[in-house]
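Protein chains: 4
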Amino acid sequence: MTDTLIKVDLNSSPYENENVHNRWHPDIPMATWVKPGDDFILETYDWTGGYIQNNDSADDVRDVDLSTVHFLSGPIGVKGAEPGDLLVVELLDIGAKEESMWGFNGFFSKTNGGGFLTDHFPSAQKSIWDFEGMFTKSRHVPGVRYAGLIHPGLIGCLPDPSLLSTWNERELGLIATDPDRVPPLANPPYAQTAHMGKLTGDAKAKAAAEGARTVPPREHGGNCDIKDLSRGSKIYFPVYVEGGGLSVGDLHFSQGDGEITFCGAIEMAGWVHMKVSVLKGGMKTYGVKNPLFKPSPITPNYQDYIIFEGISVDESGKQHYLDVNVAYRQACLNAIEYMKKFGYSGAQAYSILGTAPVQGHISGVVDIPNSCATLWLPTEIFDFDINPSAAGPVVQDFGGVSMPLSLDKS
Amino acid sequence: MTDTLIKVDLNSSPYENENVHNRWHPDIPMATWVKPGDDFILETYDWTGGYIQNNDSADDVRDVDLSTVHFLSGPIGVKGAEPGDLLVVELLDIGAKEESMWGFNGFFSKTNGGGFLTDHFPSAQKSIWDFEGMFTKSRHVPGVRYAGLIHPGLIGCLPDPSLLSTWNERELGLIATDPDRVPPLANPPYAQTAHMGKLTGDAKAKAAAEGARTVPPREHGGNCDIKDLSRGSKIYFPVYVEGGGLSVGDLHFSQGDGEITFCGAIEMAGWVHMKVSVLKGGMKTYGVKNPLFKPSPITPNYQDYIIFEGISVDESGKQHYLDVNVAYRQACLNAIEYMKKFGYSGAQAYSILGTAPVQGHISGVVDIPNSCATLWLPTEIFDFDINPSAAGPVVQDFGGVSMPLSLDKS
Amino acid sequence: MTDTLIKVDLNSSPYENENVHNRWHPDIPMATWVKPGDDFILETYDWTGGYIQNNDSADDVRDVDLSTVHFLSGPIGVKGAEPGDLLVVELLDIGAKEESMWGFNGFFSKTNGGGFLTDHFPSAQKSIWDFEGMFTKSRHVPGVRYAGLIHPGLIGCLPDPSLLSTWNERELGLIATDPDRVPPLANPPYAQTAHMGKLTGDAKAKAAAEGARTVPPREHGGNCDIKDLSRGSKIYFPVYVEGGGLSVGDLHFSQGDGEITFCGAIEMAGWVHMKVSVLKGGMKTYGVKNPLFKPSPITPNYQDYIIFEGISVDESGKQHYLDVNVAYRQACLNAIEYMKKFGYSGAQAYSILGTAPVQGHISGVVDIPNSCATLWLPTEIFDFDINPSAAGPVVQDFGGVSMPLSLDKS
Amino acid sequence: MTDTLIKVDLNSSPYENENVHNRWHPDIPMATWVKPGDDFILETYDWTGGYIQNNDSADDVRDVDLSTVHFLSGPIGVKGAEPGDLLVVELLDIGAKEESMWGFNGFFSKTNGGGFLTDHFPSAQKSIWDFEGMFTKSRHVPGVRYAGLIHPGLIGCLPDPSLLSTWNERELGLIATDPDRVPPLANPPYAQTAHMGKLTGDAKAKAAAEGARTVPPREHGGNCDIKDLSRGSKIYFPVYVEGGGLSVGDLHFSQGDGEITFCGAIEMAGWVHMKVSVLKGGMKTYGVKNPLFKPSPITPNYQDYIIFEGISVDESGKQHYLDVNVAYRQACLNAIEYMKKFGYSGAQAYSILGTAPVQGHISGVVDIPNSCATLWLPTEIFDFDINPSAAGPVVQDFGGVSMPLSLDKS
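Just so you know, the sequences run in chain order V, Y, A and U. Heads up, the final residue of the first sequence is numbered 410 in the numbering used here, and it's a clean run with no missing numbers. Heads up, the final residue of the second sequence is numbered 1410 in the numbering used here, and it's a clean run with no missing numbers. Heads up, the final residue of the third sequence is numbered 2410 in the numbering used here, and it's a clean run with no missing numbers. Heads up, the final residue of the fourth sequence is numbered 3410 in the numbering used here, and it's a clean run with no missing numbers.
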């Protein structure tokens, strides 16, 4: 039986667990050490540490303090891993905690995080997704069921002081260009809600003041939210500190490319069974700056799609120059408009795009002035035929099911 | 035997063929009419109308007049198609012209078109790709062979006057923000090199002066350069004028997501066998603004990839805000760096990314301030093992093969 | 949390568990009842009830009493299911018991069960396979690792008295044609080792004397050993008795088409999470005699194969008439011969064919006098390149690892 | 432009073409010679040499003289290929003749060839399949359209005298066990209708008297009718004579595993673009007795199936011992019964099984006394939803379309 090196108790606060942290800093002590070739299990909280509940109100999504996220399990030290190496991590399996067979998806309020389509969906909304073995379905989003593409939204190694500096400088620099923006351009270090693992006292205070927030993906991996880092994949991480310091969290049962709903994929508490090894000097040998990975041999094999195009002309008709973000947003909006013709609310359609194994492709990026992005919606996830036909769309009877919404407090 | 409704003679100029045009304008007369349910073949020039030659010099890529492109075959009128309908086009098959079993890929000079990585590859370069049945390989890029993912880079229906106006206004507006930029932000109408099909005299002059350039993708489809519009796919195009006015060209034997090399994919002359039908009133019924499509049941089934990540911090270390373009550029550069470790020149690696069935995914787009994009490089296209291993990369002996390069004339 | 309706204790005998049985008979009482729409978990023994051990001796494979198998968990009664209905079973998930993360594969001695290639491998042999999350590998068969294609070898509903009679008559009739054959042509009822679930006393004795052995697949499904009934699949079973009476066991972590090694696939103890519903009158409505099923959307997506052909001329050169068994045996032998060139023993190669997700196709069955069968060996399961090449096969250094063998006792 | 080394004129008899032959014999002179590394095109007749016509009568299927088949193009000599080598053949592409964009499928009369289900379909029937680019559909079998899985039913090298002897001896031996059987157990040499390529006079007469019929697959490949030898695949053939002597014919646009209808797949005239090389001494090096091959990277990617099971109890209820043929026949009959519930005639359903990319798997072959075979019917080929549902099957309105049938002449 594989050892579970880090356990989490969903009934207690992640702040009480010294093998959990929510900032990146080289001083965070290793939670434990392993050897190359070891396989082991780490349990994790959901990214909010249990703040979002399995109920029918979006109040928690509206009110969550985003300075607390993400609660990560680790860091794991790997003996012999040194700066310049690649830490090879095989995700042997990933699952939900047995006592918590559900996940959540939501949209943050525009004033508290927002999302890719926040101008169209400015209020907090939530959907709960139940797990049935390898599948998931929602009482708030009818007519769909997916096979899970389970993956960690966030995984990576500790930065060294120099890399941490680089992060803080460049992100603070960005913030400085528009410091009052809501939502902000980036999240600066924030000591008040920092959880630095085993660190205590002054050492903790110092690290908390400097620790990089976990929100963005960076050179070390981090919060990449790549749906394809799924169980069965094999990842090569740059190593910056002795032992690597691997941490993981923010597990997703399923997600579409882009994680466009931001809150987020189908978020869950769970466990990761992984195996580690070290590729000595691999950063230089292979010219690696960001992680690279090999996909899993077992993923949902959905093959039939409806594909929506978007170009870099925005909703108001404004022309943007080769902007893939604008193009993908249009493709998303086109898909939502299409799904609405079958009886979905816009919010439900948006939620499907955020949670189903939707593909987002950068299809054309040189044909000035328009980029072209495509959104691939798998048709097999629907209980009904969602293809276009001569007969026109059949509006489904979803029995009035809707997604909880919580308006901002005035 | 299926009728070939438009033929092209590769030995004569596309300007002499009245069933060819290189601008979008509602006044271009239909080349011919068909009925819903008809299937037929259209031959096409390569996008440059034969300017680029099968030789070992990149001079033609350097010197090509980009105001002449793209030479399209059409427009085809479909009886009964009216504005507001969807024109359903099945791409039954696509192939190269029998007398022209090769294609080209290249990078434009930064001063004449550029490309996605033009700051890294500022000079004109070219590679020639030979077709061996369903496969292609290049005498300039060794060690790889792909199965073709043949598709039209450009396909769509004629705009109506109102849509044409919208295009011209918004693109001229963009140009006006930086009119002297090289390369320009967009391409305005340009009458001198316009080819308006059967139009002659004043009618031609008027349309040529207004006609939208074919470079960008737009609401009607157009130059989407979506590799997945491959033979066997089924596309739903918005109809704006009586009969639709379907034109096609810019055939690609294979291309990676983004068509990052710009000149372009593996470009070829060829033919398209298609079948058309009409979905009456489909634009409104299905809420369609841009084309949507169903992918082909027959595409290369490459399943093993090395996946490279990129984030929106640029080459100089500058932080950008959720910019997918920057992130994808980093993923591309990471992949090029990796391939160089196996013996490729940067140009060869760039050419592989532009021509192979590489996937580009918008992986994360909400984790401020960094977007995450992934580039999926299929490993099965290589003659050798390109996976990372404990033994390190094996530098291949490619016998000194390189890609032709032509410096800008001083 | 899903209810586990049947639990098994791997440290106690399956004969002590009244929710387990090893014969088919309509009188076996339901272990428990559920309602259509319910999902639940059943734990199961491995097919031998724990007889085969995780060690390096094949003595247990040689000595096992095959009259005891297979130990099934059930029967489950589904309220409202009546004869003539179809019982729809979704395999939501399947896994190994946490305390037993391994499985076994073996060849029976020719005098005690045999196997598809028993004339070539007449002695008992065994290999142990360890599970690493979704993957498996063996200390006895080096150089390979597979993603699991987990499935029940045996699943089906109780027969009614008439169907049971039919089974017994036709199988006893076959035995009567060569009653002294070793191995026998079929297995008759055998009361001594029968385990009839909750039945006791005379009722048990009567049923034990009549109960059909679990070895063959029959109209109700049963021991089909179809690797594609994997987790995520959906099966439609004929119903013969009130409540259906669904039983399941003989879980496999992975298996090749044909289960040619007989002892068997990678055999394991574990659990099945399933969901049931009823399609009223479905046997007649859909003309169903044997079960039908829909495959899982998540299975290992190995795409690269070496495919071996076999025809119905046997090892001695004798011509058989359109005999697929002979043809498939030749394809298997051809594959074994091929793998031996890379350093495997014949037994190891045979074991790979029995355990890996090998496909066996009935390729040609009308071209007198030779059938053609093909065996598809996935290349991605090997740690090394097993493709043919101009350089010839590279014999691997497997460090002398071999498969335990136990000769028959004299 | 690739050279077409053998051309066929569909308006003239194959007997008039000296680069065609219909028997296997080492004395048949090479039609032409090529070098390793060459790629070239061979045109072929359909297997009957044009006997079956594109019309609505099955008389030709009833009356065809099966002693004339199969008309093969070749043999091609490859310089340097010697006995013991492997001839590596890449099928670069395959297509129909431009002037003949259709194919046929049929069932032979039980008295003239029969088929896998001849007891159920004893009379000659025919369906015509039209090609629409990469797809095919039939005016006789409504409701289905497939992407082509184009392949040669027959391809292989010339035998040497010893191998030819072996073939004749073992097949004549089989015939001798029941010489009056209808249909016969095998086909002996038959000089009257033999076409021996360039051979004339006494040499031809001698070879014609000895030449092996082309019907069965044998050690050299031959009439394997493996649907997966499709364009893009790479085959390794044993070489028995100097130069190899590669011949090919019997092209199929599409076929199900087993080619159960015998007459045959979707049979067509066409061309094969292939490339050859030699693996010196490969038969011994790799232990090769029958051909082996690597599948194509481009095949129809149908992923959704209904899977039918069959066991080795025949239609009359008789028990057979581990007989895969009987089991597959039951799976086929089960699939036909199912399709009939949706409005197909039995003959149409049988034709679909013979022509669509149906998979036939040898699922279980050791569970005495029943083998289990599965037939995989792709659902995406149907215009309507053919899955089982609570609502029951919807009988389609096929407008009375039926398959031509021609009774035996009395």
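Quick caveat, the hints were computed from the structure, so don't treat them as lab data. Given the structure is predicted, the values throughout are model-derived calculations rather than measurements. One thing to keep in mind: the hints can contain errors.
[Claimed, not checked] With a straight-line Cα cutoff of 27 Å, these simulated DSS-like cross-link-like pairs (lysine-lysine) come out:
1) Y/Lys1234 - U/Lys3137
2) A/Lys2284 - U/Lys3318
3) Y/Lys1234 - U/Lys3284
4) U/Lys3318 - A/Lys2340
5) V/Lys340 - Y/Lys1294
6) V/Lys35 - V/Lys318
7) A/Lys2294 - A/Lys2234
8) A/Lys2097 - V/Lys234
9) A/Lys2294 - A/Lys2110
10) Y/Lys1284 - V/Lys318
11) V/Lys318 - V/Lys234
12) U/Lys3289 - A/Lys2341
13) Y/Lys1097 - Y/Lys1294
14) V/Lys275 - A/Lys2097
15) U/Lys3340 - A/Lys2280
16) Y/Lys1284 - V/Lys341
17) V/Lys97 - A/Lys2007
18) Y/Lys1137 - U/Lys3318
[Claimed, not checked] Label pairs and their in silico Cβ distance ranges:
19) A/Arg2145 - U/Gly3399: 51 to 57 Å
20) U/Gly3281 - V/Thr379: 48 to 54 Å
21) Y/Phe1398 - V/Ala176: 57 to 63 Å
22) U/Asp3180 - A/Pro2029: 44 to 50 Å
[Stated by the list, open to error] A few chain U positions that, by computed beta-carbon distances, are all more than 12 Å from chain V:
23) Asp3063
24) Lys3110
25) Asp3119
26) Lys3137
27) Arg3170
28) Pro3184
29) Gly3243
30) Lys3294
31) Gln3303
32) Asp3304
33) Gly3400
Beta carbons: idealized from backbone N, C-alpha and C, even for Gly.
Fill in: Proposed proximity, A/Lys2110 with A/Lys2294 (alpha carbon, max 27 Å)
At roughly 36 Å apart (the allowed maximum being 27 Å), A/Lys2110 and A/Lys2294 break the hint.
Worksheet item: Given a hinted range of 44 to 50 Å, is it respected by the beta-carbon distance of U/Asp3180 and A/Pro2029?
Response: violated, 57 Å
Practice prompt. Please work out if Y/Lys1137 and U/Lys3318 have their alpha carbons no farther apart than 27 Å.
Written response: Status violated; Cα separation ~57 Å.
Worksheet item: Are all C-beta atoms of chain V more than 12 Å from that of U/Lys3294?
Response: holds, 18 Å
Practice prompt. Would you check the hint for A/Lys2284 and U/Lys3318, treating anything up to 27 Å between C-alpha atoms as holding?
Written response: holds, 22 Å
Discussion item. So if I understand the rule, the pair passes when the alpha-carbon distance is 27 Å or less; does Y/Lys1234 with U/Lys3137 pass?
Written reply: Holds - the C-alpha atoms of U/Lys3137 and Y/Lys1234 are around 17 Å apart, at most 27 Å.
Worksheet entry | Least C-beta distance between U/Asp3063 and chain V, which was stated to exceed 12 Å | holds, 43 Å
Fill in: Pair hint A/Lys2097 and V/Lys234, alpha-carbon separation not exceeding 27 Å
Holds. A/Lys2097 to V/Lys234 sits at ~25 Å (cutoff 27 Å).
Worksheet item: Beyond 12 Å from chain V, beta-carbon-wise, is U/Gly3243?
Response: The claim stands: U/Gly3243 keeps its Cβ more than 12 Å from every Cβ of chain V (closest is about 42 Å).
Practice prompt. Compare the distance between the alpha carbons of Y/Lys1284 and V/Lys341 with 27 Å, and conclude whether the hinted pair is satisfied.
Written response: holds, 10 Å
Worksheet entry | 27 Å Cα cutoff - pair U/Lys3289, A/Lys2341 | holds, 14 Å
Worksheet item: Between Y/Lys1234 and U/Lys3284, is the straight-line Cα distance small enough, at 27 Å or below?
Response: Given that 27 Å is the threshold and the Cα spacing comes to 49 Å, the pair is violated.
In this structure, the earlier hints numbered 3, 4, 6, 9, 11, 18, 21, 22, 31, 32 are contradicted, and the remaining ones agree with it.
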